[in-house]
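Protein chains in written order, with this note's numbering: chain A, 1 to 289; chain B, 1 to 302.
Possibly wrong hints are sitting among the right ones.
If you only want the chain A side, here are some residues facing chain B, beta carbon under 7 angstroms, derived [what the hints assert, rightly or not]:
no. : residue
1   : Glu6
2   : Val14
3   : Val37
4   : Val116
5   : Phe218
6   : Ser221
7   : Met223
8   : Leu272
Output of the computed footprint for chain A on chain B, the stretches with three or more beta carbons under 8 angstroms from beta carbons of chain A [unchecked claim]:
no. : region
9   : 43-49
10  : 133-139
11  : 178-191
12  : 228-242
In short, the hints are calculated from the structure, not lab data. Bear in mind the structure is a predicted one, so any value in this text is a computation, not a measurement. Where a beta carbon is used, it is the ideal one built from N, C-alpha and C, also for glycine.
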Amino acid sequence: MQTKVENNKAWFLVMPVFLIVAFSAIIPLMTVVNYSVQDIFDPYTRYFVGTEWFKQVMLDSRLHEALLRQFVYSITILAIEVPLGICVALMMPTKGRGASLALILVAIPLLIPWNVVGTIWQIFGRADIGLFGAFMSSLGVDYNYSSNPTDAWLTVVLMDVWHWTPLIALLCYSGLRAIPEVYYQAARIDQASRWAVFRYIQLPKLANVLVIGMLLRFMDSFMIYTEPFVLTGGGPGSSTTFLSQALVQQAIGQFDLGPAAAFSLVYFLIILLVCWVFYTTIMNMQKDK
Amino acid sequence: MTQSSTPMSNKNSSQEYKVTKEQAPVYSRAERKARNANTRGRFGLVLYVILLLLPIYWLVNMSFKTNTEILSGLSFFPADFTWENYAKIFSDSTWYMGYVNSILYVSMNMVISLLVALPAAYAFSRYKFIGDKHMFFWLLSNRMAPPAVFLLPFFQLYSSVGLFDTHIAVALAHCIFTVPLAVWILEGFMSGVPREIDETAYIDGYSFPKFFVRIFIPLIRSGIGVTAFFCFMFSWVELLLARTLTSVDAKPIAAIMTRTVSASGMDWGLLAAAGVLTILPGMLVIYFVRNHVAKGFALGRV
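Just chain A, with the same shape it has in the complex:
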C-alpha cells in the first residue's frame, strides 16, 4: 500500500458522494427508525410505543423461520457457487478469441433483469412446457416447483447458482490473470502437480477476490426478493419466503408499518454485522501484504 498524505481538505472531494448517498440513505433510514417506535393509524394519528415492536418482532416465530431459511439458503448457495465459480475460472482460456468469447458467454446471466431471471426459470422449470421440468419428469422424478416445497426451494437455489456463479467465475478469472507467469514457470521446473499449483499458487492469490465475491454474494443473497417472488411468490406454504418477502408481506400486504420497520432495522443490523466482519477481514488481509 502506498503511503497517504494527511489532508483534511480531501473532504471536499468526498462531499458530492456523501450528499448524493445521504439524500437516499439517511432520510429514509430516519423514517424507518421513526416508524419503528410508533403505532401508526393514519398520517395524523400516531402514538409513541417505545420498544414494543422490537419485542414483538423478536418473538415472532414466522420471522425466526424466515431468518433460519435465509441463513440456510445463503450458506447453501455460497457453498455451491464458490467452488463451482473457481472451477469455471480455471477452465476459461486466457488468450485469444476464445477468451473474450468465453467471457461474454459466461457473463450473460448477470445482465438479465432479476424478474426476467424469475420468468425464465418459471418457464424452464414447468413440466409441460419447460425443458428442465420435462427432463426431470422423464427421469421419473415427480418434479413440480409450484406445489412441492422441496422442489420450490431447490429450484430457487438452482436459479441462484445459474444466475450468480458467473460473478464468482469472472472475479476469479481476473484474479488468475493477475498471477505472473514466473510462478507457473517455477512450478513447471519443480514438476509440481496440478493440485499443488492450485493449492500453493492460485488459491492464495485468489483469496482477496474470493472475499470480495463472497461479500457481494452474501449481501445480495440476503436481500433476495424479486426472483423467488416471480417464480413462486414465496410459496408453496412459506418454503421460499425469505426475509425480504416476509418483510414486504408485512409492510405492504398487512400494512403493519411499525412492526415492519422494527423488523427492517433488525434485518439491516444482521447484514451490517456480518458484512462488518467480512470487511475487517479484507482490510486486515491488505494490511498483511
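Dock chain B against chain A, hints included.
What follows is chain B alone, placed relative to chain A:
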C-alpha cells in the same frame, strides 16, 4: 514454492530445459498432464456454457412461438415461426417506451455515479483525512441496505420532493448501491497508479483539475469502463426500487413485463420476447468492455 518441497525435481528439469532449435519439442510428463488437463478443461467449460445458455435458449425459442404452440407441449424449435410477439412490442408505445425509460435512467445513473465517485475515489486513494475509514464503511453499508427495507420511506421521500415518477428519481435511488461500488472499484484502480505521477504533474505546473482530466483519467480508463459496466449491470437488473418510484412516465421495462402479464393472463410468447429484448443491451455493454473486464472485475485489487 521451493525446490526442497519436491525432491524429484532436479532429475528431469536439467535435461528438459535444454531444448535446442533443431530438436523437436520434448514435453515433460507434467506438461503432457497439463495439456490433457487443458483439453478436459475445455470440455468442462463447453459443457458449463451449454448448461448456462440452455434456459436462455429456451426463452429465445419461446419468443418465436405462438401461444397455442407453446402450450401444446415441448419442442426444441418453433414449428410455426413467428415475429408476432416482437411486432407487438415494437408497435405498442407502453412496451417500447419501457425500454427507453430503462435505458434513460440507467445512463443517468452511470453518469452521476461516475461523476461523484471519481473525485471521492481519488481522495480515498491519496489522502488520509478525519473519518476516512468510517466514511468508506458507511458508504459500503448502503450497498447492504436491503431495498425491501427502504421501499416505503423511499416512496415518501421522493414524493415529497416532487421527484416521483421521473427518471432522475430512479437514477438517484440506484445511486445508493452503485456509488459505493463505483468508489470501491475506482479506488482500487487509482491506488495502482504511483503517486509520483501526481507529484511530477504538479511540478510541471498542472493545476489539479487539469491534471485530473488530462493525465489521471486516461491512466485509469479501463477502471472507468469496468465501473460503468457495474453501474449499468446493477441498475439495469434492479426492479423493486424502480417499480416503486415510477407509475407511468418513467416505468421501466421490467415493471411493464410483470403488470401486462398479470392483466392479460399468461401471454408466454410476449413475455419471452420482452425478456429476450432485456438481455440484448446488456450483451452489447459487455461486448464493449470485455477487454477491460479481466482486470477490472477483480475491482482492481489483485
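Please verify that hint: Val116(A), Cβ, nearest Cβ of chain B, below 7 angstroms or not.
holds, 4 angstroms
Interface hint compliance - Val14(A) to chain B, C-beta minimum distance less than 7 angstroms:
holds, 5 angstroms
Does the nearest C-beta of chain B fall within a distance shorter than 7 angstroms of the C-beta of Leu272(A)?
It holds, given that the least Cβ distance between Leu272(A) and chain B is near 6 angstroms, below 7 angstroms.
Minimum Cβ distance from Phe218(A) to chain B below 7 angstroms?
violated, 9 angstroms
Interface hint compliance - Met223(A) to chain B, C-beta minimum distance less than 7 angstroms
holds, 4 angstroms
Between the region 178-191 of chain B and chain A, are there enough contacts, at least three residues with CB-CB distance under 8 angstroms, for the coverage claim to hold?
holds (count 4)
Going by Cβ atoms only, is Ser221(A) closer than 7 angstroms to chain B?
Not OK, violated: Ser221(A) not within 7 angstroms of chain B, min 11 angstroms.
Given coverage of the region 133-139 of chain B by chain A, checked by CB-CB distance under 8 angstroms (3 or more)
holds (count 3)
Given a cut of 7 angstroms on the nearest C-beta pair, is the interface hint for Glu6(A) held or broken against chain B?
Nearest chain B Cβ about 5 angstroms off; hint holds.
Cut-off 8 angstroms, C-beta pairs, minimum 3 residues; does the coverage of the region 43-49 of chain B by chain A stand?
holds (count 4)
Okay, the region 228-242 of chain B and chain A, do three or more residues pass the C-beta test at under 8 angstroms?
Coverage by chain A holds for the region 228-242 of chain B (6 residues, Cβ < 8 angstroms).
Given Val37(A) was flagged as interface, is its beta-carbon under 7 angstroms from a beta-carbon of chain B?
Violated. Min distance 14 angstroms.
The structure does not agree with the numbered hints 3, 5 and 6 stated previously, though it agrees with the rest.
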